[in-house]
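**Q** Okay, here's what each chain looks like letter by letter:
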Amino acid sequence: MTTDSQAFPEALVAVDVGASAVSLRVDPALYPVDALYGAAYVFIDRCYVLLDKPDASWRVTLSWRKQQPTGEQLRALVGEFANELLSCAWRAKIATDSRALIESVTAQALAGAMGPPSLDELEKFDFSEDTFEDPLGIALSWEEKHKKKARPDDPDPTQGASSAPEKKP
Amino acid sequence: MTPLRLHRDLYAASAVDRAFGVYAPHATLARREEAPYWVVDVSAQTPERERRVAGELANYALGLTVKERTR
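Those sequence lines, one after another, are chains A and B.
Each residue of the first sequence is one higher than the last, beginning at 1 in this note's numbering.
Each residue of the second sequence is one higher than the last, beginning at 1 in this note's numbering.
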């Protein structure tokens, strides 16, 4: 005996009490296939789930596993499946929208978890390349930037202490 | 005999193969192709057992298909 559920549009849901089954038509334009799989997977421990694609839409058939259900129980099952389907669709959309952010945060976390480089890695690192240009001299140390400029009459600092005048006691 | 029709777009072939192997000892199963479906004919001593084996096989194939997609 096939009856139409009172709570859902007739074109979407059909309840077959005699066969202990309920069929639900799902519009692919509203729900992605991942949401369909996700919702179906949630229900396979409670009933037999059969997916079909008779035309452009999908059809989900839920059959009771053991005891003979009432029409009310089958209608409740359809309601729960529809809610789960909506939840899965929403989660799939959130996952799609935030995929780039999640990948970025995960990459940063993994890079941080690797810890500081080892001495071997530092030894192999190439420091010879100029990492950036510094036309204003910002990267110079204070000593390099403000060191005393040499005058022509100053003694040659490369001559050392031997050329310096001896101090008298 | 209970024919179980699994749509090719929704069920992975490898998942149907594995489910077929798992439930073959529990009933007489025959597999054939009938585009766009994989069809598994389930024969058992009682219609109730056929229904149960067909339902379990469909659930198993669906579970494997979902797991393959999420890898």
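Source of the hints: derived by calculation from the structure; they are not laboratory data.
Note that the Cβ used here is the ideal one computed from N, Cα and C, for glycine as well.
There may be inaccurate statements among the hints.
[Unchecked claim] Cross-link-like lysine-lysine pairs, in silico, BS3-like; alpha carbons within 30 angstroms at most:
hint, chain 1, residue 1, chain 2, residue 2
1, A, Lys66, A, Lys53
2, A, Lys53, B, Lys67
3, B, Lys67, A, Lys93
4, B, Lys67, A, Lys145
[To be verified] Part of the chain A face toward chain B, derived, beta carbon under 8 angstroms:
hint, residue
5, Tyr41
6, Val42
7, Ile44
8, Phe125
**Q** Below or equal to 30 angstroms on CA atoms is what counts here, so check A/Lys53 against B/Lys67.
**A** The given pair, whose Cα atoms are some 20 angstroms apart, holds under the 30 angstroms limit.
**Q** If you draw a straight line from the CA of B/Lys67 to the CA of A/Lys93, is it 30 angstroms or shorter?
**A** holds (20 angstroms)
**Q** Quick check on the hint: A/Val42 CB to chain B CB, less than 8 angstroms?
**A** Where the cut-off is 8 angstroms and the nearest Cβ of chain B is about 10 angstroms from A/Val42, the hint is violated.
**Q** Under the criterion of a CB-CB separation shorter than 8 angstroms, is A/Ile44 in contact with chain B as hinted?
**A** Holds. Min distance 4 angstroms.
**Q** Would the hint linking A/Lys66 and A/Lys53 be met if the CA-CA limit is 30 angstroms?
**A** holds (26 angstroms)
**Q** Given the hinted pair B/Lys67 and A/Lys145, is their alpha-carbon gap at most 30 angstroms?
**A** violated (64 angstroms)
**Q** Is the interface hint satisfied for A/Phe125? The criterion is a beta-carbon contact with chain B at less than 8 angstroms.
**A** Hint violated; A/Phe125 Cβ to chain B Cβ min 37 angstroms, cut 8 angstroms.
**Q** Holds or violated: A/Tyr41 as interface residue toward chain B, Cβ cutoff 8 angstroms?
**A** OK, holds: A/Tyr41 within 8 angstroms of chain B, min 5 angstroms.
Taken one by one, the earlier hints fail for this structure at numbers 4, 6, 8, listed in ascending order.
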